[in-house]
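Place chain B on chain A using the hints.
Line by line, the protein sequences are chains A and B.
Taking the numbering used here as reference, the numbering of the first sequence is continuous, increasing by one, and the terminal residue is 326.
Taking the numbering used here as reference, the numbering of the second sequence is continuous, increasing by one, and the terminal residue is 332.
Calculated directly from the structure, the hints in this document are not laboratory data.
A few of these clues could be false.
[Said to hold, decoys possible] Heads up, simulated SDA-like pairs for lysine to any residue below, C-alpha to C-alpha not over 20 Å straight-line:
(1) B:Lys-238 with A:Ser-34
(2) A:Lys-140 with B:Lys-329
(3) A:Lys-140 with B:Glu-52
(4) A:Lys-152 with B:Ala-236
(5) A:Lys-140 with B:Gly-260
(6) A:Lys-152 with B:Ser-311
(7) B:Lys-329 with A:Leu-79
(8) B:Lys-238 with A:Val-37
(9) A:Lys-140 with B:Ile-64
(10) A:Lys-140 with B:Asp-316
(11) B:Lys-329 with A:Glu-138
(12) A:Lys-152 with B:Ser-259
(13) A:Lys-140 with B:Tyr-65
(14) B:Lys-238 with A:Arg-156
(15) B:Lys-238 with A:Ala-153
(16) A:Lys-140 with B:Asp-326
(17) B:Lys-238 with A:Asn-35
(18) A:Lys-140 with B:Phe-328
(19) B:Lys-238 with A:Asp-42
(20) A:Lys-140 with B:Thr-66
(21) A:Lys-140 with B:Glu-49
(22) B:Lys-263 with A:His-145
(23) B:Lys-329 with A:Ala-83
(24) B:Lys-238 with B:Asp-258
(25) A:Lys-140 with B:Ala-38
(26) A:Lys-152 with B:Lys-238
(27) A:Lys-152 with B:Asp-258
(28) B:Lys-238 with B:Ser-322
(29) B:Lys-329 with A:His-145
(30) B:Lys-238 with A:Ser-38
(31) B:Lys-329 with B:Gly-260
(32) A:Lys-140 with B:Ile-271
(33) A:Lys-140 with B:Lys-106
(34) A:Lys-140 with B:Leu-39
(35) A:Lys-140 with B:Gln-327
(36) B:Lys-106 with B:Ser-311
(37) A:Lys-152 with B:Gly-237
(38) B:Lys-238 with A:Asp-149
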Amino acid sequence: MKRILASRELLLLVAIALVLGIISSRFPAFITPSNLVSVFNDTSPLILLAIGQMIVILTKCIDLSVAANLALTGMVVSLINIAAPGLPIIVTLVVATSFGACLGMFNGILVWKLDIPPIVVTLGTMTIFRGTIFLLTEGKWVNSHEMSDTFKAFPRSDILGLPVLSWFAIAAVILFTIVMTRTTLGRAFYAAGGNPHAATYAGINVGRTQFWAFMISGALAGLTGYLWVSRFAVAYVDVAGGFELTVVAACVIGGVSIMGGIGSVAGALLGALFLGIIANALPVVNISPFWQMAISGGAIIIAVALNAQANRTKGRIILKRAEHAT
Amino acid sequence: MKRRTFTSLVAGLSLAASMVGTTAMAQDNMRIALVVKALGIGFFEAAAEGAEEAASELGNVEIIYTGPTDTTAEGQIEVINSLIAQGVDAIAISANDPDALVPSLKRAMDRGITVISWDSGVAEGGRQMHLNPSSTPLIGNTIIKLAADHMPDGGDVAILSATATATNQNAWIEAAKEVLPNYDGVNLVATVYGDDLSDKSYREAQGLMASYPDLKAIIAPTTVGILASCQAVTDAGKIGEINVTGLGLPSEMAGCVDSGATKSFAIWNPIDLGYSATMLAHAIATGAETGAGAEIPMGRMGSVTLDDTGSAAMADPFTYDSSNIDQFKSIF
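The shape of chain B in the complex, shown without the other chains:
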């Protein structure tokens, strides 16, 4: 057996740590960091596009688009610490965990950095305001309505979510359950969790079809889940019998809408969301008030009014179907 030397171990380790970021140069521009749940997700890439749009509109703003490579709070804490060290002017974050990020974000605010959360919120102590893409009750209502629209006689529906602990999805599902009595004959039979993995979501969708033969619709308020369900329904030959709906991105859902497995789905516009978050971060960093009831402008998106918890909703989710999918699939 050959001897394993210490140097060979070090060589292997440095191989693993081959990706090291570079620090941006200090400039006169206001630097706003857009921190996302993880890099490489279409939704956040589109949000970054909106942020760039806001930056060019504002003129003297530089966007730092960053995030961990996987959706963990630990990864985001590292990113925040490095942003504090770089001395950015504002951080706009979509959080992987509402509480775990609070201490490091507090530290950022102590250093005079403006901190807002958007999309997925941070607990009140860890940010100056939170921008919801839409309001939770509106989304909950929308996802049930999407299913009900295509079932005039009512029937069984099931929800396929992300992880069982996902903050967003759980809030939407709660809101959906509240409005359920308003939809006659719509019967929610199960809520299952695909963990945002295509293989697990696919199996869960197959499980739903096996357990509930009369199922009329699968509602998946998550992009991985809705695609996997659509594929499972297609493979089972149940297009037309089961409508897959929920929240998805037009570019990813185009195939499902074309095949007929999905009649319609909804999503807010991530470009608008990134745009609004940047506008708000800029407004607050330049002195806008953030107390309850404060009204903050956000460029072409109008303005938002903060509630008691310092949160605000941007707009209603937008419904996509075969009539407009081709127009939007090339955008995001």
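Pulled out of the complex, with its shape left as it was, chain A reads as follows:
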């Protein structure tokens, strides 16, 4: 089991190196350290969301509301910033994270207590969250000159050569690697998705574990919401439209099984980086925009096909004779 995971992540690393090699042959400046830093920084929001999504998918659920949660939280903190421009940035961060977590808990409660299928719940809340932004603003945009300078400067400020936005992604990777591998909650996520019946018998409350997963995903989406609107210095209804599918794609490419129970933070990180590198490379390698989408889509299908191949070895033959008979 561990070996398969390791080799799958190795495979992704090789694929990323290969892609970087191909890109650098057409545009050498792409692999300069400063550009790689900016690619990583650009991919950081995707990494944050992919980690949350991975945990949700581990528990046999899916969170389609992450991008809408991001947009709503981003709009809420922007509006707070207009109302109180002097608010310390730490308060904004706490508000963004806890507001996002509340939205995530709303999803979680519906899945846990009302037992509604997660895809239906999050499809519904996705629309509700976007609709709420519309109600809050009547469709108006919050633009850069309305945001305070500290609000906009925070994710760009430099610590040890990396923007703060990148440090958030790095911190999340470290934190959740520890949570997933060293805590009972982390193991509960794997157990609840890997074999819900066995998990129940082992004393794990599957519904509550799913609730926690949604809360974590929501909190990360909320945090990313602030980082996103301040980075692009604009907040409106359609911020990050369709981004939830990119997030799910990053997870799937990173070897997270959509059936639950299989996946790792490192996988989600590599999956996000793979998509991030392609998204950043396509503009500079001078490819027709009509091909760009086909290339992104092709990469996803190839990765998923490889994952499906790797997952296929899971079955166990119990009745050898029956196997031969067919």
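Chain B in isolation, oriented as in the chain A frame:
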């Protein structure tokens, strides 16, 4: 594992479909529906304001401002069908697709509803006339001129558009390429597409700066693109080196003009556009002719004359810079 019942599924679905519109009551007033590409876009909100202005000027007109929540032709078809069912008197639409809407708009015209398109057009068979905010050649010329004005010695410019299939943007870019030889030394090096998403547009702008180190100007004829480019140029520390220009809204562009990343940009007045579309819809619904060469009045905006394709242009785009941005940023 708990059992998932059918009722719980239904509960989830009804949650998703929680937004249901209400039907307006039938009245004696003439009801003109202003259908936009999507709700929640500042430009169209301003157009709706202009439509209301025209309505209060005309007196007996009620404006129904509506549109889908995302920019799809399917969403607009649903909106049109519901407007036909409500029996409105006129539909003035900014289309997400020139051809896909034709069948449903034809159906509306069969029921005696006046149909005109404005801003983004519908194919000839699907409307009685089309009001362009400005003429395509004028806009194409304006966006190149905006860049050329601030590059006395010429230099490289690039265009960052919306989607590769956007009707408006493609027509403007074609027109811009035609007038390019008139501007000495202005060299168009690339046309890229940011899909009207801030993150993709930002990346495309970064890509342009990386690919063309001598770039002097980025021309973005779309509001999301011009803002994202402005932010990318600001973050790269290239204010003063690269001028971001194109089409944008004053309220959204104020920050870019203040920081100096944008020296000037242009847009027609969406309030005037909504106003004119409403005036035209009202005039046609009350019997004005719509053949080629017909002249139709539109209140304070004067009048338009239709060409062979039944289209007309409202006015020249208006240039905004640091001298007038503060005056306009609170309007739209």
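Going through the hints against the structure:
This hinted pair checks out: Lys-238 of chain B and Ser-34 of chain A have alpha carbons roughly 16 Å apart, not beyond 20 Å. Between Lys-140 of chain A and Lys-329 of chain B the alpha-carbon distance is near 13 Å, which keeps this suggested pair within the 20 Å criterion. Distance hint between Lys-140 of chain A and Glu-52 of chain B is fulfilled; the C-alpha atoms sit about 18 Å from each other, no more than 20 Å. With a CA separation close to 15 Å, the supplied pair Lys-152 of chain A and Ala-236 of chain B stays within the 20 Å bound.
Only pairs whose Cα atoms come within 20 Å are accepted, and Lys-140 of chain A paired with Gly-260 of chain B is rejected, the gap being roughly 24 Å. With a C-alpha separation of about 44 Å, the suggested pair Lys-152 of chain A and Ser-311 of chain B falls outside the 20 Å cut-off, and the hint is violated. Of the pairs offered as hints, the one joining Lys-329 of chain B and Leu-79 of chain A holds, with about 18 Å between alpha carbons and a cut-off of 20 Å not exceeded. Among the hinted pairs, Lys-238 of chain B with Val-37 of chain A is consistent with the structure: their alpha-carbon atoms are about 18 Å apart, no more than 20 Å.
Restraint check for Lys-140 of chain A and Ile-64 of chain B: the C-alpha separation of about 19 Å stays at or below 20 Å, so the hint holds. Restraint check: the Cα-Cα separation between Lys-140 of chain A and Asp-316 of chain B comes to about 26 Å, which exceeds 20 Å; the hinted pair is violated. Restraint check: the Cα-Cα separation between Lys-329 of chain B and Glu-138 of chain A comes to about 17 Å, which is no more than 20 Å; the hinted pair holds. Among the hinted pairs, Lys-152 of chain A with Ser-259 of chain B is consistent with the structure: their alpha-carbon atoms are about 14 Å apart, no more than 20 Å.
Distance restraint check for Lys-140 of chain A and Tyr-65 of chain B: the Cα-Cα separation of roughly 15 Å lies within the 20 Å cut-off, and the hinted pair is therefore satisfied. With a CA separation close to 15 Å, the supplied pair Lys-238 of chain B and Arg-156 of chain A stays within the 20 Å bound. About 17 Å separates the Cα atoms of Lys-238 of chain B and Ala-153 of chain A, which keeps this hinted pair within 20 Å; it holds. Restraint check: the Cα-Cα separation between Lys-140 of chain A and Asp-326 of chain B comes to about 18 Å, which is no more than 20 Å; the hinted pair holds.
At most 20 Å may separate the alpha-carbon atoms for a hinted pair to count; Lys-238 of chain B and Asn-35 of chain A meet this at roughly 16 Å. At roughly 16 Å between alpha-carbon atoms, Lys-140 of chain A and Phe-328 of chain B fall within 20 Å of each other, so this suggested pair holds. Restraint check for Lys-238 of chain B and Asp-42 of chain A: the C-alpha separation of about 18 Å stays at or below 20 Å, so the hint holds. Restraint check: the Cα-Cα separation between Lys-140 of chain A and Thr-66 of chain B comes to about 16 Å, which is no more than 20 Å; the hinted pair holds.
Proposed proximity of Lys-140 of chain A and Glu-49 of chain B is supported: the alpha carbons are some 13 Å apart, at most 20 Å. Under the criterion of a C-alpha separation no larger than 20 Å, the hint pairing Lys-263 of chain B with His-145 of chain A is consistent with the structure, at around 16 Å. This hinted pair checks out: Lys-329 of chain B and Ala-83 of chain A have alpha carbons roughly 19 Å apart, not beyond 20 Å. Restraint check: the Cα-Cα separation between Lys-238 of chain B and Asp-258 of chain B comes to about 15 Å, which is no more than 20 Å; the hinted pair holds.
Of the pairs offered as hints, the one joining Lys-140 of chain A and Ala-38 of chain B holds, with about 13 Å between alpha carbons and a cut-off of 20 Å not exceeded. At most 20 Å may separate the alpha-carbon atoms for a hinted pair to count; Lys-152 of chain A and Lys-238 of chain B meet this at roughly 18 Å. About 15 Å separates the Cα atoms of Lys-152 of chain A and Asp-258 of chain B, which keeps this hinted pair within 20 Å; it holds. For a cut-off of 20 Å, the pair hint linking Lys-238 of chain B to Ser-322 of chain B stands: about 19 Å separates their Cα positions.
Annotation: proposed proximity of Lys-329 of chain B to His-145 of chain A holds, straight-line Cα distance about 11 Å (limit 20 Å). A threshold of 20 Å between alpha carbons decides the hint, and for Lys-238 of chain B with Ser-38 of chain A the separation of about 16 Å falls inside it, so the pair holds. The suggested pairing of Lys-329 of chain B with Gly-260 of chain B holds, with an alpha-carbon distance near 16 Å, which does not exceed 20 Å. With a C-alpha separation of about 15 Å, the suggested pairing of Lys-140 of chain A with Ile-271 of chain B holds against the 20 Å cut-off.
The straight-line distance between the Cα atoms of Lys-140 of chain A and Lys-106 of chain B is roughly 33 Å, outside the 20 Å bound, and the hint therefore fails. A hinted pair counts as satisfied when its Cα atoms are at most 20 Å apart, and Lys-140 of chain A with Leu-39 of chain B qualifies at roughly 10 Å. Restraint check: the Cα-Cα separation between Lys-140 of chain A and Gln-327 of chain B comes to about 18 Å, which is no more than 20 Å; the hinted pair holds. Among the hinted pairs, Lys-106 of chain B with Ser-311 of chain B is consistent with the structure: their alpha-carbon atoms are about 17 Å apart, no more than 20 Å.
About 15 Å separates the Cα atoms of Lys-152 of chain A and Gly-237 of chain B, which keeps this hinted pair within 20 Å; it holds. Between Lys-238 of chain B and Asp-149 of chain A, the direct Cα distance comes to roughly 18 Å. Compliance with the 20 Å bound is thereby established for this hinted pair.
Hint compliance for this structure: hints 5, 6, 10 and 33 are not met, and every other hint is.
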